[in-house]
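So you can see what is in the structure, the chains are spelled out below.
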Amino acid sequence: MVTAELLADLKAIFPELKMAGEESVTIFPKKEEEIAKVMAYCNDSKTTVSVVGGGTKQGWGTPAKTQIQLSLEDYTGIVEHTPGDMTVTVKAGTTFKELQGFLAQHSQKLALDPSWPAYATVGGVIASNDSGPKRLGYGIARDSVIGLRTVYPDGRIIRSGGRVVKNVAGYDMNKLFIGSMGTLGIISEVTFKLRPLPKCESLALLSFPEGNLEEVRRFAIKLLDSMMEPVALELLNPFMAGNMADRNCYTLAISFEDVETSVRYQEQYIKANQPARTSLDILTDEEAKAFWNKLYTAAPCGLDSLEEGTGSNKETAAAMKIGIVNLKVLDVIRECQLLSDGGQVAAEAHGGLGTGICQVVLRGSDDQVAAGIMHLRKFAVQEGGYAVVKHLPEVLGGKVDAWGDKPSYFPLMEGIKAKMDPNRILNPNAFIGGI
Amino acid sequence: MAFLKEIKTNDQHIHKLAGIVGSARSILYKKEDLLAYDCDGFTIHKHLPRAVVFPKNTEEVAAVVKYCHENDLPFLARGAGTGLSGGAIPLNNEIIISMVKMKRLLRVDLENRRAVVEPGFVNLKLTNSISERGYYYAPDPSSQYCCTIGGNVAENAGGAHCLKYGVTTNHILGLEVVLPNGEIIEIGKDGVADEPGYDLLGLLTGSEGTLGIVTKITVRILKNPEGKQTVLAYFDNVADGSQAVSDIISSGIVPAALEMMDKTAIEGVEAAAFPVGHPKDIEAVLLIEVDGITAGIDEQIEQILTVCRSRNVREVKVARDEAERGRWWANRKTGFGAMGAISPDYLVQDGVIPRSKLPEVLARINQISEESGLRIANIFHAGDGNLHPLVLFDARVPGETEKALEAGSLCLKVCADVGGTITGEHGVGIEKREEMRFVFTEEEIAAQTDVREVFNPKNLLNAGKLFPSPGRCVEIKKEMKASAAL
Amino acid sequence: MSLRELDLKQEPSCSSGSLSNYLAKDHPDETKWADCVHCGMCLESCPTYEITGQEQHSPRGRVHLIKSVAEGRLNVNEFFADPVFACLDCRACTTACPADVDVGGLIEEARGQVRQAMPLTGWQGAVSNMFLKGIFPKQNRLNTLGSMLKFYQKSGVQSVVRKTKLINIMPKHLVEMEAIMPEIKEPVRKRYKNEKVIKAKGESKREVALLTGCIMDVMFSDINEATINVLTRNGNDVVIPQNQTCCGALHVHAGDRDTGRMLAKQNMDAFRDAEKVVVNAAGCGCMMKEYAELFHDDPEMREEAEKFAEKVEDISKHLHDTGYEKPKAELKTRITYHDACHLAHGQNIRQEPRNILLDIPGVEMVHMPNSDRCCGSAGIYNITNPEMAGAVLESKMENVPDDVEMISMGNPGCMLQMAMGVEKYGRSQKIVHTVQLLDWAYQKEDGKGEN
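Residue numbers (the numbering used here), protein chains in the order written: chain A, 1 to 435; chain B, 1 to 486; chain C, 1 to 451.
Honestly, the hints are just simulated from the structure, not real lab data.
All C-beta atoms, glycine included, are put in the ideal place defined by N, C-alpha and C.
There could be a bad hint or two in this list.
If you only want the chain A side, here are some residues facing chain B, beta carbon under 10 Å, derived [what the hints assert, rightly or not]:
| no. | residue |
| --- | --- |
| 1 | Leu176 |
| 2 | Ser180 |
| 3 | Glu260 |
Hey, can you work out the whole structure from these sequences and the hints?
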């Protein structure tokens with residue numbers, strides 16, 4: 001169906017809905033029932049549909065060009081928050097920053113630190129399972145989400161989990177939707193368990209000018225084996241450390257969040273155990289927050305307006321997420337630096353030594369970036385890990401597989417997709433293996 | 001005799017299965033032996049299995065499963081059989097695949113904070129094996145002395161310290177699974193996080209043995225906290241106690257554990273094996289533990305004491321040493337068993353509620369108690385709102401068993417009505433199949449059984465668990481009550 | 001949750017009237033299993049479950065089976081007897097049980113039922129009868145056996161047998177037993193036959209009676225000697241009632257409760273005048289404290305047995321409670337301590353013997369992991385269930401630290417079994433009784449000891 005016809009059709013059926021369209025139709029629902037109605041329509045008419053929040057993840061994976069886009073821009077707000085329960089229920093279109101701002105008034109927070117928090121929506125963060133360095137201390141989406149309302153492709157509204165922090169009634173269906181890239185259903189509401197806002201925060205930047213990664217490794221192991229409780233232990237490659245904090249060498253960003261006495265005590269530990277020939281800076285509260293915010297917005301994302309170097313100078317930029325056994329992060333970060341040093345592609349990289357997750361930004365010509373992705377994926381897979389592309393510029397669409405090889409249990413995933421979205425209307429081909 | 005040499009039965013399947021697991025010693029088929037497997041920690045239902053097999057490795061598990069799959073024989077996996085909801089009971093005369101012979105600790109990687117175990121490995125043994133180096137495995141169900149990690153994965157087990165550290169699912173990094181058709185898959189290879197694709201790790205954990213049989217588990221291990229302090233607080237009324245719970249949580253402290261017992265429960269624990277001298281006339285006792293960096297703990301303890309005092313605490317004290325702390329915990333952890341000291345029988349429930357509803361829910365449970373004429377003791381993980389109402393009754397009195405079942409179910413209804421759920425850590429199993437309707441609609445249950453069909457299309461693996469039988473809830477409840485009356 | 005079971009219907013009873021399939025008298029006590037909620041906390045404590053991984057060989061499984069017979073779901077037959085007799089009777093489950101279910105008591109009662117329903121026949125019956133009825137309770141026959149063994153050792157026959165590999169024709173587990181047979185000395189009961197009271201060495205503070213034990217006095221009379229030395233050195237006058245007999249533990253474990261009752265009565269009579277009965281064998285002490293269990297149907301005897309139990313005390317507890325002189329001589333040795341089941345689980349005596357050992361200057365104690373795990377001796381279990389006993393022993397030996405010279409314990413059965421373990425697994429440790437070490441320290445202090 002051509003767009004104009006589709007638009008006319010939709011307008012006739014849903015006169016109350018706001019919609020617009022040029023290349024595809026975008027619908028702006030305000031209520032969950034509206035989402036459900038549109039989905040049921042799509043399912044019956046086999047019209048493809050995808051969901052968009054803030055748009056930061058429009059380049060994540062292999063985004064489908066669907067006939068309808070559901071924008072959750074108007075589907076926002078806090079549904080329920082009982083401070084004493086430390087849980088919050090929020091509509092999926094709410095931005096992450098807005099939610100955190102609301103919770104901060106109650107000295108609480110959602111313990112996630114995704115990229116582009118000002119633009120990313122709660123639904124998008126959950127559907128993409130985005131995470132940041134503080135996952136070491138607080139876990140990831142699957143550890144914070146306790147309940148979901150999801151609109152199924154056939155228009156059913158299915159709740160999973162609940163509003164309590166401990167729940168084993170039935171299958172843990174929340175897990176299926178977290179990170180499913182909008183291929184199974186449209187998450188309309190999310191219930192999170194919360195943490196108290198830390199009373200004090202600080203960040204130790206420990207730089208290794210000699211570039212001896214063995215020394216970094218020794219220090220990291222010692223810290224991890226101590227009883228200190230860093231909430232992030234992130235290694236930055238020299239290229240990134242230069243951009244982030246003006247130091248062109250391997251740098252560890254070690255974050256502490258707790259009551260003040262505890263934070264100071266842990267800073268003291270770092271000072272006392274600082275390896276020879278390293279430099280150490282301790283950033284407190286606001287400085288630390290600024291550092292992290294810079295890191296959260298370092299990678300390119302799907303919002304064109306946020307991409308630097310617009311116009312004719314625009315170089316191609318891609319973002320990758322690499323997962324590997326924790327301490328092998330050292331090897332991945334080194335590999336990224338080697339790529340940069342060799343002039344093949346500019347690679348900004350950081351990775352958690354206690355989490356095994358690396359985030360890499362590659363910049364260069366189309367071919368350089370594509371080659372860089374292939375190279376890092378090969379490396380990661382050899383080392384027992386994986387590499388996915390979190391942001392793939394349009395020019396590379398079709399040239400680079402964003403997800404890598406299918407796992408052996410892929411048929412189960414296909415089976416789940418077939419059960420839940422038999423007509424394959426939701427974000428078709430957007431996820432691993434062309435799901 | 002204990003070591004059998006040959007098989008004497010006409011059941012050809014038994015001979016075939018014995019062939020797969022290698023010897024006559026690895027299979028049970030005589031009624032006298034099978035009887036020990038007719039229930040688990042949930043004893044209301046009893047059913048004999050067809051046989052019990054003891055595979056030694058993944059390949060044998062896969063071969064047994066494949067055989068069952070091809071011959072349409074119902075089967076299920078069993079660990080230590082400590083489950084409290086009947087998940088390992090062979091409702092359909094299943095072949096039980098006992099995982100207890102697969103009990104090795106395969107690998108410990110302290111630097112990368114993970115360990116690989118076989119499913120029959122006992123929970124506490126993991127912590128014991130790494131404690132010398134200062135590490136531990138966080139999920140600590142009270143049965144941790146004997147329950148297996150495979151079972152913990154199936155049930156997504158919790159424990160007293162999951163308030164701060166999370167339940168089993170938050171600590172599983174990888175699984176090797178035998179699917180119901182005998183195929184072996186590996187999810188989260190080497191425990192690498194966020195493997196691309198749907199989170200089957202999360203789906204399988206807590207699926208109560210209905211989607212596959214776990215044969216290898218990679219778990220996260222944690223470093224011991226530097227310090228630990230424990231506080232005991234006595235309240236003259238339950239409302240003050242539960243308000244204190246809310247206040248502590250919302251004051252920005254994340255306690256490692258926050259436990260509560262009411263008057264009836266206190267009477268029980270004081271009459272049992274580990275009394276600690278709680279005052280008899282007290283209405284509620286809180287047990288609060290804070291751990292973490294020692295330098296920060298004192299401040300938090302001070303804050304907790306202040307909160308308690310502002311809520312009219314009668315007495316509040318900090319454990320002087322590890323021995324005292326140990327006594328307080330033994331008193332709390334043996335709470336269920338202790339009920340034996342004040343009642344011939346008890347029924348434990350496992351509801352969860354939003355913390356803020358605590359006073360309201362306790363009042364309603366009290367009402368249920370009065371209306372049923374049965375005493376109900378409350379022992380619970382107050383910090384995460386996980387209640388364990390213990391309905392005390394005497395099965396020898398005609399009619400009391402049904403009354404207890406009824407009262408238990410009503411307690412769960414109350415939990416569901418205030419926005420909570422019917423089970424926080426014990427699982428649905430057979431016990432709470434019908435109560436699933438308190439929290440899920442028919443459509444939502446169908447969404448879940450759809451997933452089961454993907455993994456377990458023939459429904460030979462642990463059938464009849466977790467989900468209510470479509471449209472038959474009323475009759476089944478009646479049946480349960482009728483047979484309870486016998 | 002000990003809710004009444006709902007599915008009784010599915011296993012119809014074959015008996016008329018009462019559901020129970022226990023047909024003989026003295027049947028297992030319903031109140032004992034009523035507290036079992038089937039929670040499984042006992043599983044890991046059970047050595048036979050550890051070996052087999054099978055629940056019919058676990059405490060809760062056995063309780064379940066015993067209960068099932070009473071409910072008419074099972075019959076007393078050989079398949080029921082198998083798990084019931086494979087139990088080591090180590091009581092570790094009693095320690096582990098949050099509800100204090102007396103599994104040991106139930107097992108013994110069930111064994112009584114099995115033996116009444118299906119008496120042992122063939123060679124098993126003959127051997128069992130010979131030992132349990134013919135020898136253990138008969139002091140003179142035991143002495144004769146002792147003399148024969150002594151002759152066997154002294155005469156050189158033993159070394160001939162060992163050298164010529166004649167022992168290879170014996171069943172394997174008996175060969176292993178033979179290899180560790182202790183040197184037989186003269187029983188103290190014979191030696192002090194004419195002494196009414198063995199007087200305390202210094203000031204006399206109290207009088208105690210000593211159970212010399214049946215096998216103990218024949219195979220380990222040196223331990224009895226050591227016990228007497230230690231007692232008299234610490235102000236105890238010791239009497240050895242001559243009409244005392246075997247405690248009956250082995251009979252009760254084997255299901256022969258009638259003989260058990262007979263022996264219990266004889267001992268209660270023999271020790272009637274004693275205020276304190278000191279025992280140096282954990283198994284005997286435990287049995288004597290539990291005589292009341294044998295008299296369910298006889299309230300008078302039961303009461304008497306309960307009173308008697310209060311007089312019985314293990315040597316280590318007795319020394320701990322009444323005080324003892326700390327030896328001054330140094331023994332300079334690294335040891336480890338094995339908790340005999342019937343001391344640790346049966347009588348809750350754990351710390352007292354350790355304290356005694358630690359009070360000996362120069363004794364360094366190395367922790368044995370799972371020290372209260374059964375060694376597999378379990379009375380005559382190692383003779384009747386050699387394969388299981390061997391497996392249990394292997395598991396035990398894995399926990400014995402390498403770098404110790406001695407393993408100390410408080411039960412002769414364990415001593416034989418552990419000695420076998422040392423021999424079988426090529427270890428070097430010497431097996432000693434706790435009082436022996438104390439006695440050696442005293443001897444050394446007095447300039448007599450060789451150690």
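Restraint outcome when Glu260 (chain A) is required to lie within 10 Å of chain B by C-beta distance: Given a least distance of 8 Å, the restraint on Glu260 (chain A) holds.
Restraint check, 10 Å cut-off on beta carbons, for Leu176 (chain A) near chain B: At 6 Å from the nearest chain B Cβ, Leu176 (chain A) passes the 10 Å test, so the hint holds.
Closest C-beta approach of Ser180 (chain A) to chain B relative to 10 Å, hint status: Nearest chain B Cβ about 6 Å off; hint holds.
Every hint from the earlier list agrees with this structure, and none is contradicted.
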